[in-house]
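Starting from the known structure of chain A, fit chain B onto it as the hints suggest.
Top to bottom, those sequences are chains A and B. Using UniProt numbering, the first residue of the first sequence is number 1, and each one after it goes up by one. Using UniProt numbering, the first residue of the second sequence is number 1, and each one after it goes up by one.
In case anyone wonders, no lab produced these hints; they're calculated from the structure. Among the hints, a few may not be true.
What the hints assert, rightly or not - Here's a subset of chain A near chain B, in silico, CB distances under 8 Å, partners left out: (1) 187; (2) 191; (3) 194; (4) 300.
Unchecked claim - Beyond 10 Å from chain A on every Cβ pair, some chain B residues (computed): (5) 17; (6) 21; (7) 57; (8) 119; (9) 129; (10) 158.
Stated by the list, open to error - Partial list, computed: chain B residues near chain A (C-beta under 10 Å): (11) 6; (12) 39; (13) 70; (14) 79; (15) 99; (16) 123; (17) 130; (18) 150.
These numbers come from a predicted model, not from an experiment. The beta-carbon is built from N, C-alpha and C at its ideal position, and this holds for glycine as well.
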Amino acid sequence: MSRLGKITRRTFLIGSATIAGGVAFGYYMYRRPHENPLLDDLAEGEAALTPYVKIDAEGVTLITPRTDLGQGAYSVQAALIAEELDIGLDQVRVDPGPPAPAYYNTALAAESVPVRSTNDGAMANTVRGVADAVMKFAGVHVTGGSSTVPDSYEKLRYAGAVARETLKRAASERTGLPVSRLKTEQGAVVLPDGSRLSYVELAAQAAQVEPVTDVELRPPNLWRMIGQPMQRHDIVAKSTGTAVYGIDLAVEGMVHATIKLNPRQGGSLQDYDATEALAMRGVQQVIPVTGGVGVIADNTWRAFKAAEAIRFDWGPAPYPNDMDEHWAALSNAFNEDQIDARRRDEGNVVEALDRASEVVEAEYRAPYLAHAPLEPINAIVRVNPDRVDVWTGTQIPRFVQANVAKIVGVDSEQVHIHNQMVGGSFGHRLEDEVVKRAAELAKALPGTPVKLVYSREEDMRHDFPRQIAMARGRGSVRDGRVEAYDLGVAMPSVTASQLSRQGLNVPGPDLQIIAGAWDQPFSIPHYRMTGYRADGLAPISSWRSVGASSNGFFHDCFLDELIHAAGADPMEERIRLCWHEPSRQVLETVKAMSGWTGPRISENRGRGVAFCLSFGVACAEVVEVTQTDRGIRIDTVYVAAEVGRVLDPINFENQVQGGVIWGLGHAMNCEITYADGQAEQTNYHAYPGLRLYQTPDIVVQGLENGDKVLGVGEPPVPPAGAALANAIFALTGQRIREMPLNKHIRFV
Amino acid sequence: MRQWGEAMNITVNGQVHTVDVEPEMPLLWVLRDELGITGPRYGCGISMCGACTVHVNGLAVRSCSLPVGDVTGPVTTIEGLGTPESLHAVQEAWIEHQVAQCGYCQSGQIMSAASFLMTNPNPSDEAIDQALSANLCRCGTYPRIRQAVKTASAKLRGDAS
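Okay, chain B solo, but in the shape it has when bound:
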């Protein structure tokens, strides 16, 4: 038998998983095909669309371009950010503004927004535009994304009920 790789441990949404894959396999495909965690989506494979965005050590990363061997901390996917029963403030805002059309990019939009608001809790319009421009939406939900980020920012700062 050929030895393909070594088993490694990876923590996703608080749960430890052991996977036996090549260290260069992108985190996205470990999540989707090895662990069945499909909230992070495949869109481009080259960090251009952001649909695969997850948090590693609390910061947004493009899981399609991050080799799993380089993952140095716990991973949070959209499923770990909040659930239908217990929503994260960003998800609440996304639902209030009915942002999604096809919805395929929205996991990544929400993960990018959540990470951005952690480091920039009260952003200017320009900062929102800059931060979220790295996430592509083909349906054109951008006007609602702008509004939802502002609402989420207020929620996280405790300004809104």
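The following block holds chain A by itself, in its conformation from the complex:
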């Protein structure tokens, strides 16, 4: 039985449902309900509920549709529920929930349509609404785009409040006391005489009463947890080696497998000879899969060794073999026919540059980059006659379910996904090739669970990298001010590449091509942003901050060049050009934090500032560098970000620092290059990221002026490399327009 509440002003329907031994609270879906993953016994046509909170004999459980990739999402979500339910954080169990279309992600949709994040007008909300409806119908259940916090912030608190008030109504019916005389405390409804009815004992009755949906959320001044430092629920397990990741899992009767795929990403397997491998200890079978072979053994290391002993004849790469050709394709993309979209065109850039006495011109480059989270991709798949089980850590469980069903030849409902704790993602687990290959192997071994683990080398070679990109800027200055700014960015479409692997064709322009550049809140008399699409390059995927990861560097560094040409102060001129009040406050804040007095601090010290608005978050960073006799040292980074509300200051600081380190490390030290169609970097010796000795002090401040609560996993990334390049220019006069910066600078 399920009960529908009334339509709320938030335009979603909340309600309750009876479940075994208790009650669930959650949301009915817009327009038509999606099937409910937890209620298999619903009659045809009966409304179903997407549960967010479950109360039964085990206590209170948060059923979260979002994957925790290490960003602490589970704990923040638990706090949102606990706050309204008057329970402690340690009284909330977390269940990642089965894949379900009802868990659509509205915050992610908001970023996929071309409306500036600074634009809150009626038109903007209408356009965002369209994309929102598309996402709902597509049943997208995805973790990404820094969207977990904005998506959960209202829904989870509201679900918690409805649960609380409904439990009170149930207690009122049981005791005959009016609701106004009841209160809640520590997981129980408290009666006027001080006696307590626990939520657990009220759960079954709460499922029978009409849910109370007209509820008031707790005002922020009564919050006990939100905004305070919280201990992450997984912190003890992760500090004692007892956390279990997908790669640690063992299923009864499983075999160990690894894979060897064409090192030219997406190329074919022509022929192979596994004679030697099959004679090695513990090796059971070598099975062809799409683009390569899988090795089945009794131990991962034996499988790795055997895979190295196989001789292969590989097909060619389905993209240019060498980097010169990749860069040439980008360079040639700057033409009218390859315009993806011209998203900003203010004033008259062409005329302004024609009449300028001097035109500043520059070309920028950003390389392919691997995600390379520390846990290599892995999956366990077991194919039984009546059901298929998949154990893996994924951000796209719905796609995994459909893809495995297709490979094995069963209905999606027969595929059961058990989502696992993941050792990092950064976008890597938005792809599911590992699960597809594991499904191919498991199909060949019915009844046997196959645990597929990629070696680090196979993982890095077959990482769908961050886009390669090139930008060309032309600009001019007048009377000490930036007068004209014209930027073109050329790259492949990450959205088209990524969704093509899910069988989806994405028509129209790709916002990511110019994301992080076209919507910056600056007012320049003549200002134009054009995206160019370069097709036919290596397949790519979303990488922490996506299009903005390259474009934030391009846009801000070229702005820095123009400000320098104007003879203005880098900080003061950005503040003067910024028309968006929250963004301006971010710049003012980072100016104060860093004690900004100009780009030179002393004879051998300099600083640079950069700003990028991405995923709705205005973020500014100041990087301070010192010239030592062994190279450039990064001393300190100051970061200010406007996120609406900081839900947990410790997690917030950790996320921002991690984003800065991610941005700096890759901008300084990393690239993926192809030679003979093969990625040349296959392990961390050639792809070091940032290590502790290069890590600066990172001082973080969150601003809470906006009315929207925003996620901060990605926004600190784009300004980091730009602020560093600008700081190096301030100190040395050397303008580096190409990442990684260590091609031109020695860092210590």
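Just chain B now, with coordinates in the frame of chain A:
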């Protein structure tokens, strides 16, 4: 029947195990796949990331690159350093500072830090940077690792409660 190898004894976290594996099999894979001890993680297989760090004879080693046949003394993994019920000082510090994000590298970070502090109980900032730079963290928890090592150092020296 082919004779693949000889059974050998290996002591892990105070317990003696008999394993029948090739002597060249890295200790990491004996721990993970033969003994089911999964706290030491696989990250790179070439001693570049440190996620597999364990102690042999009390010193930090990269178990992904140490053949089990070359193990000459007792092995301690993160599970043997301390437990959720009885934490090692380094683990206490890691929890206090909420170091972990994804957490995958942290077994190795903690084992490296514990070994380092045994030989260098009161390290300078520079020594901490140098010692822990051999352990990679992709999430970027380094600022908290620095703080946690200092806190752990104080705890081990008895300066803190």
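Structure-based check of each hint:
no. : hint : result
1   : 187  : violated, 23 Å
2   : 191  : violated, 37 Å
3   : 194  : violated, 35 Å
4   : 300  : holds, 5 Å
5   : 17   : holds, 15 Å
6   : 21   : violated, 8 Å
7   : 57   : holds, 20 Å
8   : 119  : holds, 18 Å
9   : 129  : violated, 4 Å
10  : 158  : holds, 21 Å
11  : 6    : violated, 13 Å
12  : 39   : holds, 3 Å
13  : 70   : violated, 15 Å
14  : 79   : holds, 5 Å
15  : 99   : holds, 7 Å
16  : 123  : violated, 13 Å
17  : 130  : holds, 7 Å
18  : 150  : violated, 13 Å
Checked against the numbered hints given earlier, the structure breaks hints 1, 2, 3, 6, 9, 11, 13, 16, 18 and satisfies all the rest.
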